[in-house]
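Novice: Sequence:
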Amino acid sequence: MSLFSELKRRNVLRVAAAYVAVAWLVIQVTETLFPVFGFSDAAIRGVVILLAIGFLPAVISAWAFELTPQGLIRDSEVDRSSPTIKAMGRRLDRLVIVALALALGYFALDKFLLDPARDEAREQAIAEAAREQGRDEAIRESEAERASRPMVAVLPFATVGGGDESGFFAAGVHDDLLTRLAQLQSVRVISRTSVMEYRGTDRNIREIGTALGADVILEGGVQSAGERIRINAQLIDASNDEHLWAETYDRELTIANIFEVQTEIARAITTALSATLTAQDDAALSVIPTENMAAYRAFRRAVDIAEARSTWLREEYREALEEAVALDPNFTRAWAELAGYLTHANYYFEHDPELTQRAEEVVEHLRTIAPESADYLMAQAFYVYYIARDYDAAYELTIPAMARAPSDARILELRSWIQRRQGDFEGRLDTLRLIRMLDPRDQSYAGGLISSLMRLRRFEEARVELERVDFEHPRLDYWRLMLELREHRDLERWADELIALAEPLLEPRVWFPRAWLAYVAKRDFNGAEALVEAMPEPDTSGGHTMDYYFLKPAYQIPTLWLLGREEALAEVLADAREAIDAFEAPEGMRFDYVQNLDMALITAAEGNAEDTERRIGRLLNAPERDLAARQGYISDACGILAMSGAAKAAVACMRTAMDEPSEFMPFLDPYLAFYDPIREEPAFVELLAELENETRGQ
Numbered sequence: 115m116s117l118f119s120e121l122k123r124r125n126v127l128r129v130a131a132a133y134v135a136v137a138w139l140v141i142q143v144t145e146t147l148f149p150v151f152g153f154s155d156a157a158i159r160g161v162v163i164l165l166a167i168g169f170l171p172a173v174i175s176a177w178a179f180e181l182t183p184q185g186l187i188r189d190s191e192v193d194r195s196s197p198t199i200k201a202m203g204r205r206l207d208r209l210v211i212v213a214l215a216l217a218l219g220y221f222a223l224d225k226f227l228l229d230p231a232r233d234e235a236r237e238q239a240i241a242e243a244a245r246e247q248g249r250d251e252a253i254r255e256s257e258a259e260r261a262s263r264p265m266v267a268v269l270p271f272a273t274v275g276g277g278d279e280s281g282f283f284a285a286g287v288h289d290d291l292l293t294r295l296a297q298l299q300s301v302r303v304i305s306r307t308s309v310m311e312y313r314g315t316d317r318n319i320r321e322i323g324t325a326l327g328a329d330v331i332l333e334g335g336v337q338s339a340g341e342r343i344r345i346n347a348q349l350i351d352a353s354n355d356e357h358l359w360a361e362t363y364d365r366e367l368t369i370a371n372i373f374e375v376q377t378e379i380a381r382a383i384t385t386a387l388s389a390t391l392t393a394q395d396d397a398a399l400s401v402i403p404t405e406n407m408a409a410y411r412a413f414r415r416a417v418d419i420a421e422a423r424s425t426w427l428r429e430e431y432r433e434a435l436e437e438a439v440a441l442d443p444n445f446t447r448a449w450a451e452l453a454g455y456l457t458h459a460n461y462y463f464e465h466d467p468e469l470t471q472r473a474e475e476v477v478e479h480l481r482t483i484a485p486e487s488a489d490y491l492m493a494q495a496f497y498v499y500y501i502a503r504d505y506d507a508a509y510e511l512t513i514p515a516m517a518r519a520p521s522d523a524r525i526l527e528l529r530s531w532i533q534r535r536q537g538d539f540e541g542r543l544d545t546l547r548l549i550r551m552l553d554p555r556d557q558s559y560a561g562g563l564i565s566s567l568m569r570l571r572r573f574e575e576a577r578v579e580l581e582r583v584d585f586e587h588p589r590l591d592y593w594r595l596m597l598e599l600r601e602h603r604d605l606e607r608w609a610d611e612l613i614a615l616a617e618p619l620l621e622p623r624v625w626f627p628r629a630w631l632a633y634v635a636k637r638d639f640n641g642a643e644a645l646v647e648a649m650p651e652p653d654t655s656g657g658h659t660m661d662y663y664f665l666k667p668a669y670q671i672p673t674l675w676l677l678g679r680e681e682a683l684a685e686v687l688a689d690a691r692e693a694i695d696a697f698e699a700p701e702g703m704r705f706d707y708v709q710n711l712d713m714a715l716i717t718a719a720e721g722n723a724e725d726t727e728r729r730i731g732r733l734l735n736a737p738e739r740d741l742a743a744r745q746g747y748i749s750d751a752c753g754i755l756a757m758s759g760a761a762k763a764a765v766a767c768m769r770t771a772m773d774e775p776s777e778f779m780p781f782l783d784p785y786l787a788f789y790d791p792i793r794e795e796p797a798f799v800e801l802l803a804e805l806e807n808e809t810r811g812q
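Residue numbering for the sequence shown follows this note's numbering, starting at 115 and increasing by one per position.
In case anyone wonders, no lab produced these hints; they're calculated from the structure.
A hint or two may mislead.
[As the list claims (entries may be wrong)] Cβ pair distances, simulated, as ranges:
#: 1; residue 1: A803; residue 2: P627; range: 46 to 54 Å
#: 2; residue 1: A440; residue 2: A682; range: 52 to 60 Å
#: 3; residue 1: A408; residue 2: A682; range: 53 to 61 Å
#: 4; residue 1: E429; residue 2: R793; range: 50 to 58 Å
The beta-carbon is built from N, C-alpha and C at its ideal position, and this holds for glycine as well.
Could you put together the complete structure from these sequences and hints?
Specialist: Quick look at the structure:
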């Protein structure tokens, strides 16, 4: 008998075929499932090796033994003519057929359903990685290219006699010169905010250059007398105090002459720095913003009003700008500022039709008179961002705007706002870092960068950024305290330090919530109540957003709930429900907070877990989410769920909050009293154990 016939007679071929089919199926399933459960490629290789090793014993066993109803019997003892043995052979044939069918079925499933999905996911991952790499490379190239251009700091111009008029023109020359330099490709310029602290300073140039990261410092003075104006300027090397250039300009006092002097100074700076002006630079420097002195004075009055950010939405600011553009319809800078005011005010006042119409008129007028200007692009971006709320289109507009004004931090600031709304928090970090280079002394940008890192839970990077800041500000101190809490985990110590920081600065929408949270964290609920009682009623005259109306009840309700004062709580809850029911949202206003978060707080305080969970779920799972606001409200949402006793939903919310950028701090939030109702629940205990294990391993 031939070897092949003997292998067939002893069922070796059948067993080998079945083994190969089953092994192939096992390998395919292993490759699919092991990565899901976190097993590495080494585990998959181990399965393949074991199956390969097992093949030889399987065929040897098939040669030596026969499978019968009585078990394995030596082949020499088997009666091949027995019907039972023949039936076992047929069963083995069916087993082989079934194994092959399963293998082929899984092959078809994998080939036509699973594999395309994996390929698509892999392609998306590769594309995303390529985009990230491309963006990172673009940022590195941008930063390298920026670093190759000299950085200029223009100190506030001094007043040299002449009284108020000299002071007026000194401020104007300084601001206008910064604006002109910001449009140049050949140099970079430090923003106004960062240089203003050096007005009249006696610090030496080297110290200022180091603090600002500037290569050269421009300082000067202005004197006006009658119909004449004298402007002097000198450029100094920040590394060695060497004077690179100096000039005095004595001209007739006209706006055209003032702008011409600024152009000459800008050209002299680039010449002294051996920088080459591009064609775009020449075109930018050739533009005279206005030749109308009255229009210029009205514009400068608006700038003075806007200098304090809290007064930016004042009506007199708009009136001054409207006066400027009425006096000179070609004053593009005034038109751009007016567009910024109208679009922002429109957003603040929730789509006022009069503001919308006027904003559209302003943007269209700018398109008519200066369609290629940075002023028009900025105005258009503001309109698309604040009114149309098309964030992708607004972002695209910032690209050519930055090309026309590379050192204008305002454009980068707008880009950072857009990126928040887009949910591009990593991109926003890159933008904030660029802003910090142009405006290194502005606490709002420093705080914005550090708070963004904290929300992304990149705590060590936040610490490094804090160490780089060489100026004090309460906002930065707050994040220092938060990082210290992460280390020492002493809530009472953190709360006392935060109260000491916050109470002198109490303001309803900024520091009050932090001081109140500090009292809650140290479980001094009476202190929290006293703070709420002393809180003034909100001033709603400036707008009509619901969170302003609901501000005080939002703290009264959890405070009374923590104190267990049921009667007082019931009264506040009834008033709060009435206020929400009576509130009419302006057209276009997102009503998520009122319908869901604020009402969820009420139902949580009432102990209605089901309704609370439903409302929070509706807010967190809404298809059109406000990704910027979500960073803040998701931590509130988790605490509200815990108050209601919805343990599983609260834990799921906490995990979500830790998986995305948010204000949820894992070393603070879970230890607050809001979570006491679920503190013994297994899901919460498990999560807390995970957090503490991470703490020990950090």
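Novice: Of the numbered hints stated earlier in the document, which are not met by this structure?
Specialist: The structure conflicts with hint 1 only, although it agrees with all the remaining ones.
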